[in-house]
Amino acid sequence: MDEDFDIIVVGAGFGGSVAAKLCADAELKTLMLERSENVGDKVISGLTIPFQGFLFAPAFIRDGNPPFERPADGIVNYIIKDIDKGDIEIDDSLKVPKPLSPIIAFGYNTYCKPFCQWQARKAVEAGVELRTSTTVTNFIKEGEFIKGIITDKGEKIRAKIVINAEGSQGILAIKAGVREKYPPETISLADTYDYVMRKEDIDKIFGYSVKMCWGWDEQKISPPLGYGNGLMVWPYRSSIHFMQDQCLRTDQKSVPNLGKLFDEYHHNITSKMLWWKDLVAPRAKLRARMWEGFEIYVGLNKKLRKMPNHTDGMILIGDAAGLESTELCDGVPAAWYSAEIAAQVAIEAIKANDVSKAFLKKYDNKIKAHSIIQWSIKGRNRYNLRIAQQEHDIKKLKKYIHQGWGLGSLTHFTTPFMKLLLAYVKEDPTIITKWIKMYFRYYQNWLHENYDYVKKKVIKVRASKRVRKKERKFLSTLRFIDLIMKSMLRIRRVLKIIIIPLSNSLNTLMRKSLPIIEPINSAIIKLLNPISNKLSNKMIKFVDKANPSIFYVY
Amino acid sequence: MVKTFEDFPGVQWIEGAGEFIKINDEKCIGCGNCVKVCLAGCFEVMEKKAKIESLEKCMECAACWYVCQEEAIIFSWPPGGTGYKSDWG
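Note that the protein sequences, when read in sequence, are chains A and B. Residue numbering for the first sequence follows my numbering, beginning at 1 and increasing consecutively. Residue numbering for the second sequence follows my numbering, beginning at 1001 and increasing consecutively.
These are computed hints drawn from the structure, not numbers from a lab. There could be a bad hint or two in this list.
[Unchecked claim] So the derived list for chain B, only partly shown, Cβ under 10 Å to chain A, looks like this:
no.	residue
1	1008
2	1024
3	1028
4	1037
5	1054
6	1066
7	1078
8	1082
9	1087
Glycine residues also receive a C-beta, built at the ideal position from the N, C-alpha and C atoms.
Just chain B, with the same shape it has in the complex (with noise of 0.2 Å):
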């Protein structure tokens, strides 16, 4: 299955990439910089510590892993084949 999104045009998600981004509870302290960076609303803070809303719009960019100063991002790349693509890029 392709999923597409309108405010983002031009590039399908092939479903099936599951949860490639993780957040370890322990270690995140809710600076909410992964929230600033992500250009696909990921993510969300709820009582000082990141959730992850949803990875759907997710384009593997890692910003969110980049700028975590706690290292509490635990970013891999998603299964073979899954995930976003884009014709134009």
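Isolated chain A, as found in the complex (with noise of 0.2 Å):
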């Protein structure tokens, strides 16, 4: 029987429950497509979603309970020299410092499967049908125009807009003449293990930090030449995920044997490494081994960035539009941004009853300018450590290690997240605080494992009269940024002389004073760091005390 909606989703990832709930937020019949079983059944990663993600998230994660595992609050960095005599360099300098780490985190460790799980069930009480169990193979197409979908078991669902979810593949955009298929030395396989462990013990040896490590070429615990990334390892709640990745093809020619390297990288690694094999190793009991190929270098091809993400009728976003992450490898940030807008310009589509391509255009328009998107694709600073890797600079690979992850990233990352910081301050001043709420509402519920739908503790609101004060002065300085914020908007022509052309130069700022503020912060936080640590644990005792409703956003 035909069917007709007025949006079809390809795909329950990441990206395809936030473009179907806001649509069905919208007031749109839509519906939601999923080849697995259950939600999440087939999405691989190791994964921090970064905090820029969360910041610029559409409202109902920001303001929500989603589940993850774990806050991440830096990352200890391996350079391997050595492996067989020891000489290995440990960096632990990327940090977020106390007494903001660890309620303030870089990211959020997460299982994909809940996450994803999470976000489709907003998007069902939103309205939204969700078909699971259904694989697509193929659109109906009259003349240009994408109509709607064929599912296996050839039913045909027509819609007036395709929001397509597919993933990196993009088996079905090829399909529809839009994209070609990825070469592939853009695409890296993670290999990926999952290891139970006890809570304490990851406590212990990981507290919240993710390790990574790097190292030269005939170390042969990384891609060589840097063909992929170095060895990431995840520290979750009771679990750790170990990820090591490969790209399919390393000099345009030569596609490498993938089952020999990983066996090879694996037991370097686990053999050869002290803190796993005398950490890790006595602790850890293996529970699942898994992999998939992800874009790891898409948008360093100029060719492959220009490709369309839209054509008449249908409009593609996340992975499946290449919107990974060339700069940081975490793609799910742009797969919300990119279903957020997809949403807005079906939404604004349908109700200007124009899908053709000459409209949906202003979806690649939007893509285009936005600044983390377009930060995030084109950075070429993870690229550039196979360099320092081949070339045995160590100089080179702590500069690059640092520009993506640590200070140094300012030097290019300060413009792009100020100009969207701006837009979401002008659209709504008391961003600040929501934000705030996030930070210590995420740190409570990571506390009491304590998210939508699955309440492992509850929170008993039995606080003291010293809490409470707490509380009310938490709320007070809140309400004080409020007024701050709110008052700021009305002199806003006056910032906007000064605000945009400042930020519009911060990474350039940033690149000349570095040098001098490195220095003065890490002797800063050196001469704070009783005092830092005192402050932290006394947030965390506030926070796992305070009545919840305190954070919430309403």
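Quick one: dock chain against chain with the hints and give me the complex.
Given below as structure tokens:
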């Protein structure tokens, strides 16, 4: 039987459910199709969703209680010069300083499945019809227009717009003639291991920090010449996630023997790295091994970057639109941002009764104007790591690590970040306090495993007078911030003259001032360490005992 | 029916996926790239042509399809609700 919808979303991953929910919120009749039996069955990643993802996420994620496994406050980097002689340099300077950390995290480590399921449930609650175990095999086409989809059961379902969130492979988009297959050197295969470990052991060995390993080619602990990432290990609540990866082609000619290479990397890391051998191995039990290909250098190729992300009657989002992060290897923020933009454009198009390529071009234009998406897909930093590894240049390697994940990122991230931040503040001056509440709420949720749909512990509100006093202080501080922000809006015309040129030149400013700021910053952090630790512990205790309602956004 | 394999813990395969990857014999030159990248051992090369040995451990990553320079591999998604699944991705 033929059916009609306003919107069909193909794929219920990180992007798909967001697009579907936002369309249903606008009262569009929305269908979301997912090929797996349960949402999230087939999503594989080692994953820290970075802070900017959450700050600029659709409101229901930012202001909600999504499930995650552990906040991440930094990265400990192991630079391996000679693994057999134990010549390994450890750089643990990439940390959010206390007392900000661990409440102000740089990201949140997450299993894909529960997170995608959380999003899909939000979509269904908004009115989306979700059909799982349904593979889309083709589109219904009338002339140049996509008018719906055809499923593996032969059903033809019509819709005004199809939002394609099928993932990196892009099988459907290629079939529709909108995009081309990515060359293998732009794709990396992520070989992922999941280990069960006691929470107390993870707290001690990892704390809130991700561990990354980089090494000279002959050490064979990561891809030769840096074709792919180094090794990454993410601490979760009571498990750890281990990911090694390797590009599918290394010099536009050679296709590596991946099985052999991965065995070699894994063996070297687990038997020669002392922190793994002595600390992790006796306490960890392998629970799962799986793999998935992901876009690693797609954004660096201008031709691939310029492929259209829309056609008559269809919009592509997230990985399907090549929006994985070349800079940092985290595709979730771009999936969320592009899903929200796609939903906005789709809603406008249906209202205007125009779903043509000409109208939907708005989507591509907005993606091109999104400062963080563009920074994220064009960034060359991670690619540059390969040059440093090839040249055995420790100075360069450290520089690129710092430019990717440390203070060095301020030299290229500050302007795009500030541009987006200003746009959000202009739209909603109370956004700053929403962000503060988000950090505190997320941390309290982590402490109590208190997420929507999965409440493992009930937060008892029996706060002492002292905690109540702190709660009042917290809320009055937030009210004060809101007041300041609102009053600043009144003089926004004056501010515009100063702030916009300033934000445009922030990257340059940071490039010039970082050599001075960096040593001062580390000296201050060192000096204030005892006070910062105390303050951080006090904040943790407050968040633990505080009434959750003070962190809610209404 | 659900299958599991000792060498790949934490992953299940729901039967019924069928032949969702196919090889076009006319295009295949037997270069063996698909064999090199497949961690599930789905392929073998016999008489200078790649053959599918078994898709029962396939995790649908499409690495074989990406590296096939002759476009001899035809990759499609398995039917809804079949193929691999995991809780730990």
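Evaluated hints:
With its C-beta approaching chain A no nearer than about 6 Å, residue 1008 of chain B sits inside the 10 Å limit, and its interface hint holds. For residue 1024 of chain B, the interface hint is violated, since its Cβ never comes within 10 Å of a Cβ in chain A; the closest pair sits about 15 Å apart. The interface hint given for residue 1028 of chain B is violated, since its Cβ lies 15 Å from the closest Cβ of chain A, which is over the 10 Å cut-off. The beta carbon of residue 1037 of chain B is positioned within 10 Å of a beta carbon in chain A (closest approach about 5 Å), and the interface hint is therefore held.
With a cut of 10 Å, the hint placing residue 1054 of chain B at the interface with chain A is violated, because the nearest CB-to-CB distance is about 15 Å. Below 10 Å, beta-carbon pairs count as interface contacts, and residue 1066 of chain B has one with chain A at about 5 Å; its hint therefore holds. Given the 10 Å rule on beta carbons, the hint for residue 1078 of chain B holds: about 7 Å separates it from the nearest Cβ of chain A. Because the beta carbon of residue 1082 of chain B sits about 8 Å from the nearest beta carbon in chain A, less than 10 Å, this interface hint is met.
The criterion of a C-beta within 10 Å of any C-beta in chain A is met by residue 1087 of chain B, whose closest approach is roughly 6 Å, and the hint holds.
Consistency note: the structure conflicts with the earlier hints numbered 2, 3, 5.
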